[in-house]
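Visitor: Position chains B, C and D relative to chain A; hints supplied.
As they're listed, the protein sequences go chains A, B, C and D.
Residue 472 in our numbering sits at position 42 of the first sequence, with consecutive numbering throughout.
Residue 503 in our numbering sits at position 73 of the second sequence, with consecutive numbering throughout.
Residue 586 in our numbering sits at position 156 of the third sequence, with consecutive numbering throughout.
Residue 614 in our numbering sits at position 184 of the fourth sequence, with consecutive numbering throughout.
Hints are computed from structural coordinates only; laboratory data are not their basis.
The beta carbon of each residue, even a glycine, is placed where N, CA and C say it ideally should be.
Check the hints yourself; a few may be wrong.
Short, incomplete list of chain D residues facing chain B, as computed with Cβ under 7 Å [said to hold, decoys possible]: (1) T442; (2) V455; (3) P461; (4) M463; (5) G507; (6) A511; (7) G545.
Listed next, the in silico DMTMM-like pairs over lysine to aspartate or glutamate satisfying Cα-Cα at most 25 Å (straight line) [said to hold, decoys possible]: (8) A:K700 <-> B:D469; (9) B:K700 <-> A:E741; (10) A:K755 <-> C:E753; (11) A:K702 <-> A:D635; (12) A:K702 <-> B:E741; (13) D:K786 <-> A:E600; (14) A:K786 <-> A:E621; (15) C:K609 <-> C:D598; (16) C:K786 <-> B:E753; (17) D:K700 <-> C:E753; (18) C:K702 <-> D:E596.
Number of protein chains: 4
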Amino acid sequence: MSSTFGTLFKITTFGESHGRAVGVVVDGCPPRMPLSEADIQGQLDRRRPGQSKLTTDRDEADRVTILSGVENGLTLGTPVAMSVANRDQRPGDYKTMSNIPRPSHADYTYQMKYGIRAASGGGRSSARETIGRVAAGAVAESFLANTWGVEIVAWVSAVGEVQAPEPDTEAMSRPAVDKTPIRCPHPETAETMTHAVAQARDTADSLGGIVSCVCRNLPPGLGEPVFDKAEAMLAQAMLSIPATKGFEIGSGFCGSTMRGSGHNDPFVAKGKRLGTATNFSGGIQGGITNGEPVIFRVAFKPPATIGMAQETADFNGLPVRLEAKGRHDPCVVPRAVPIVEAMAALVFADLALRQKMRS
Amino acid sequence: MSSTFGTLFKITTFGESHGRAVGVVVDGCPPRMPLSEADIQGQLDRRRPGQSKLTTDRDEADRVTILSGVENGLTLGTPVAMSVANRDQRPGDYKTMSNIPRPSHADYTYQMKYGIRAASGGGRSSARETIGRVAAGAVAESFLANTWGVEIVAWVSAVGEVQAPEPDTEAMSRPAVDKTPIRCPHPETAETMTHAVAQARDTADSLGGIVSCVCRNLPPGLGEPVFDKAEAMLAQAMLSIPATKGFEIGSGFCGSTMRGSGHNDPFVAKGKRLGTATNFSGGIQGGITNGEPVIFRVAFKPPATIGMAQETADFNGLPVRLEAKGRHDPCVVPRAVPIVEAMAALVFADLALRQKMRS
Amino acid sequence: MSSTFGTLFKITTFGESHGRAVGVVVDGCPPRMPLSEADIQGQLDRRRPGQSKLTTDRDEADRVTILSGVENGLTLGTPVAMSVANRDQRPGDYKTMSNIPRPSHADYTYQMKYGIRAASGGGRSSARETIGRVAAGAVAESFLANTWGVEIVAWVSAVGEVQAPEPDTEAMSRPAVDKTPIRCPHPETAETMTHAVAQARDTADSLGGIVSCVCRNLPPGLGEPVFDKAEAMLAQAMLSIPATKGFEIGSGFCGSTMRGSGHNDPFVAKGKRLGTATNFSGGIQGGITNGEPVIFRVAFKPPATIGMAQETADFNGLPVRLEAKGRHDPCVVPRAVPIVEAMAALVFADLALRQKMRS
Amino acid sequence: MSSTFGTLFKITTFGESHGRAVGVVVDGCPPRMPLSEADIQGQLDRRRPGQSKLTTDRDEADRVTILSGVENGLTLGTPVAMSVANRDQRPGDYKTMSNIPRPSHADYTYQMKYGIRAASGGGRSSARETIGRVAAGAVAESFLANTWGVEIVAWVSAVGEVQAPEPDTEAMSRPAVDKTPIRCPHPETAETMTHAVAQARDTADSLGGIVSCVCRNLPPGLGEPVFDKAEAMLAQAMLSIPATKGFEIGSGFCGSTMRGSGHNDPFVAKGKRLGTATNFSGGIQGGITNGEPVIFRVAFKPPATIGMAQETADFNGLPVRLEAKGRHDPCVVPRAVPIVEAMAALVFADLALRQKMRS
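Just chain A, with the same shape it has in the complex:
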């Protein structure tokens, strides 16, 4: 188990899906920074299930409590511990599965690794684990916004085979993203996506999708070659989110089909600074931010929990027919939006502190 992320802006998350609480300790948060529970609750609410008919019914207030590190509305530079109680515990739903590892879940691998696993829910592999990330990410984002005016906006760019057209990343904003519960800022595509999810839900199936993200106003110089390059840290951060299958920065996989003459980003003067005319690099060159927007995309698989029956095997290798009960999301990408933003904020807050020590 490795529940700590970051070198200087370091977070440690804890909590199972159906235990007493989930939460996080943020160690290394700069001092004298305004911070209150209200700054954190907003992103938690965006992550919360039960926001629309499209997501799971599990309804938990997910109210965050700051346990330490803040006094009179200012951070002390000491660890900021935050906790969210688990109110809605329904261990019963999963009991019948105990000897059947759910396909494409973590039941089998946790059992193989630890020789034990949480009796109910996904334990630590549950989406509920991401609450600590989102709470910590809100703190990181606050630091980045206060210091450089950094803006991080993620959105749903694909649901199943429905893809949104290329967006205007300069203008992209959270209010625009939140206009629809599906969190695709392109209205017509959002509607098509919503229908696709509804159709998947009605057939007791699930759908994958893609979350795109832009980070604006990052200062140049962030990223620590050769192993902690900015895109490498983003890649680790994103692939650590449950259900992710891929990451690409800038031109991504599409860039592999291009020629150098078309892919190179020529430099141009942009006011006082040097910028690039195109941004196939995705705001990062040689592992270091160049001052252009950082743009990346994350692929999410369709949720493994589906209503329809599945033919599989139990832990003894005997064929069984599995029918899932309980709550499940037919599509997680809308709720993944604040999680992707949180992980991006955590990566850049850490890289920013690591670079700051050099100036």
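Guide: Just chains B, C and D now, with coordinates in the frame of chain A:
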């Protein structure tokens, strides 16, 4: 600068492209493991430039020397330091560029981050930096092969728009991959790729591509949720390789277009162990290996150094026309094959030790 | 701020003296280990103030709550988060000091480092911070006891100028230590020490002391040369406890006055294993445990908070006369006993996991 | 094996006593810092054996070579790798010992831990391992001196039972220390010490001693509570040096005998800054430097290698009489002086970068 990778099997690389030497220190290598320079040289030779007309002319023997950690052909459990001298230093080639940051290179970002950069070549952002990775990776691979019979094979699955058909990952072998200098195991595709690269070279341009990789015989249980999941560590490792733009595991981005009913991997008995009938998960579930082959793909952009002239700006923002001289690869993916294998070996050697402490 | 300790058995503590809660997250605790709040409460009670007239009056139940990582009385291998509420908040006591950094406290240095500090109490430099250490240490101790029968016993070997005679470390036990509130297992010395503390208290002064510790049944092989040698990790751990000024292992400073012929520990057969006839090494050679008891001593300064008036300067450099109010311990070493034990357990649990991965 | 030290100013050492080379990689060294081999050679020469009749005859030039990270006399911000060849290899001397673990050496524990050990010399537990530390320390010291004018001076304050009188730490300088080969700045004591060492040598015995150290001009604010407090990092660093048995900061063990009223350091105005009238704290309060000189002491045991015969047991537990051959120091503390300085510089360079990121 962060040149250390790994928690228990920990490597630290060093060296600029045109300095005295490049190399690596491997700390945490298990003791009593047979190891000699011959075990390492093979992969270094596969990485070496000048293997065919398709790659750069820079010809260096790249002979590795083990400086410590091995006695009488066995590792001592102490740091294994390895060094490769830089023989072919041609600083002159790059002198005319000194005030012009090369487009999509690291000149600009290194200058912004450090306020200084290597006068010639890419310095630390050069492909030559990967020598230390490949040497260390050979040690890691040796450990994995000795202990579990792990086999790691990477190959070129796409060059520009030329894509190889879906391969038989069970049978994939390094000899099959090395049959052609382009390192695509599908002969007809290899020929088409070779022509594409030749054509790019003739037009003073460059081409990107994709390297695929399979890791067989990994024991189940490797990967440390929630932040050091196996796919997250692979993603960081791969995106830390120069010129990479994307990573996907198992179904990858394609998986985002699927439905859960088609994407879930049903369990089936495989001899004594539980396996999966399909492998959309790519051998990893919940961040932990499940015993199936780990399969992933890495996207490489076209090399930034091209022969044709480019319109760009110098450090002062003034428009200039840049013409590169010196040696350059029109396509790096064939040489990236052993680098991808090395980084995969380093990830799994570290995760294996982290898991072993639990048994 | 660096509130994380350990590489594999990793703890992160949080909490200020007068905030909402203090606590700890233990990440890397082995799975399937019996654990309940009762296993932890015992050491917390030994650390708790208000156990006798010799210690501060601050009376808090210090009841620990396990928030995660344990199910049905067994650890899951996931993070064990533990929290203790702060009930007894008396911020008023310290208000008059706000512009006067207390001599030999951390007020001045926290202010210089963070530009802010907790308004009341010592914040993070308070002895209350050690609650998280003791809770985590109880988990570590449980792991070491279950696996190797490790026994860790600390005791008060000096208070001020009163020193206990050389003890029988083989027979030393916690019940023997706890026979008197001063926690010196030698009854006559305990009485003298108790008088010395009472006398210091009556003169509104404070006393330092020494805590000794023995760790029995540790397997040989623990310790990671060259920087994480067992004695080096112990030294860091002990010097990170508030109010400590020195650490010595085995012969310690006295060993520096000896000759090699007298200091060397000759090997002798001890049953099946090789032992040493003497133990000037303190159970560690070359940074690695040798199977003999690990013995070390930790020096504590007299508490900085004293009742008598002190001439000092305020933050502006102006001379002031400071008179402390509120609760204070005239001597902290009795309560430091479980803290020293906890830190020793944390060091060896981590080194044990780091060594286990090698076997 | 853990051969890496530091979080941001991070070093990794390598090399056995009789292998091909010993050395170090310094990762995280600030860029644009003047650095040449001459800056490093001086301290290596002070560490080198064969400086006087008092130390071992092993004569090696110990010439350092910078392999990377420096160009045109300036650091690039990239890893600075440094190597020193092992010229004087005498494996034969130790051959007869192969089945006898030398008392109070690391032969037994390395064998137990790794199941193998270097056939000759101490391998990684040899004093020769410290070459990498001293080379890296010289780089760290250069950074601290350039940035804040930090001065670090260590000296021999005791040899066996001969103790030097309390020195003037404000005036202490390396030239004063180096006036005698014993490196005690008090001339008469130096003479007595020299006689004591000669007498130990003549009786084929060895002597321990104490190295004291002062670090002046450190800025306030260095140290990362709660686990990486400045004194905790110093303690780890010093106890990781071969042959050390104890560490104390400021008043140290003596402080444990004092009363708070005498031990507290009252604040006084010192020019513009706040200082303390006394310095029992040793320049560190709450784990953070306060701007006063940091003063500490390190105890060294007598070298384990002695000429006189010793009764011990072989690996099978059979009694044997061991007579050592080869070179040995009767007293290592004079040569330990630059090692202590190096480790202090490494601790403060790292803490300085960790604090800088906050400003």
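Visitor: With the threshold set at 25 Å, check whether the alpha-carbon distance from K700 (chain B) to E741 (chain A) stays at or below it.
Guide: 16 Å, holds
Visitor: Does E741 (chain B) sit within 25 Å of K702 (chain A), going by the straight-line distance between their CA atoms?
Guide: The given pair, whose Cα atoms are some 19 Å apart, holds under the 25 Å limit.
Visitor: Within 25 Å, alpha carbon to alpha carbon, are K755 (chain A) and E753 (chain C)?
Guide: Not satisfied, since the Cα-Cα distance of roughly 66 Å exceeds 25 Å.
Visitor: Using 7 Å as the Cβ threshold, decide whether A511 (chain D) counts as touching chain B.
Guide: 4 Å, holds
Visitor: Should the interface hint for G545 (chain D) be scored as holding, given a Cβ-Cβ cut-off of 7 Å against chain B?
Guide: With a minimum Cβ separation of about 6 Å from chain B (threshold 7 Å), the hint on G545 (chain D) holds.
Visitor: Holds or violated: the hint that V455 (chain D) contacts chain B, with Cβ atoms closer than 7 Å.
Guide: 5 Å, holds
Visitor: Hinted pair, alpha-carbon criterion (25 Å max): K702 (chain A), D635 (chain A). Please report holds or violated.
Guide: Cα-Cα ~53 Å, so violated.
Visitor: Mind checking the alpha carbons of K700 (chain A) and D469 (chain B) for me, to see if they're no more than 25 Å apart?
Guide: 51 Å, violated
Visitor: Taking 7 Å as the limit, does the beta-carbon of P461 (chain D) come near enough to a beta-carbon in chain B?
Guide: Since chain B brings a Cβ to about 4 Å from P461 (chain D), closer than 7 Å, the hint holds.
Visitor: Report holds or violated for the interface hint on M463 (chain D), using the least CB-CB distance to chain B and a cut-off of 7 Å.
Guide: Given a least distance of 10 Å, the restraint on M463 (chain D) is violated.
Visitor: Are the Cα atoms of K700 (chain D) and E753 (chain C) separated by 25 Å or less?
Guide: Satisfied, since the Cα-Cα distance of roughly 23 Å is no more than 25 Å.
Visitor: Classify the hint on T442 (chain D) as holds or violated, based on whether any CB of chain B lies nearer than 7 Å to its CB.
Guide: 4 Å, holds
Figure legend: structure checked against the earlier numbered hints; hints not met, in rising order: 4, 8, 10, 11, 13, 14, 16, 18.
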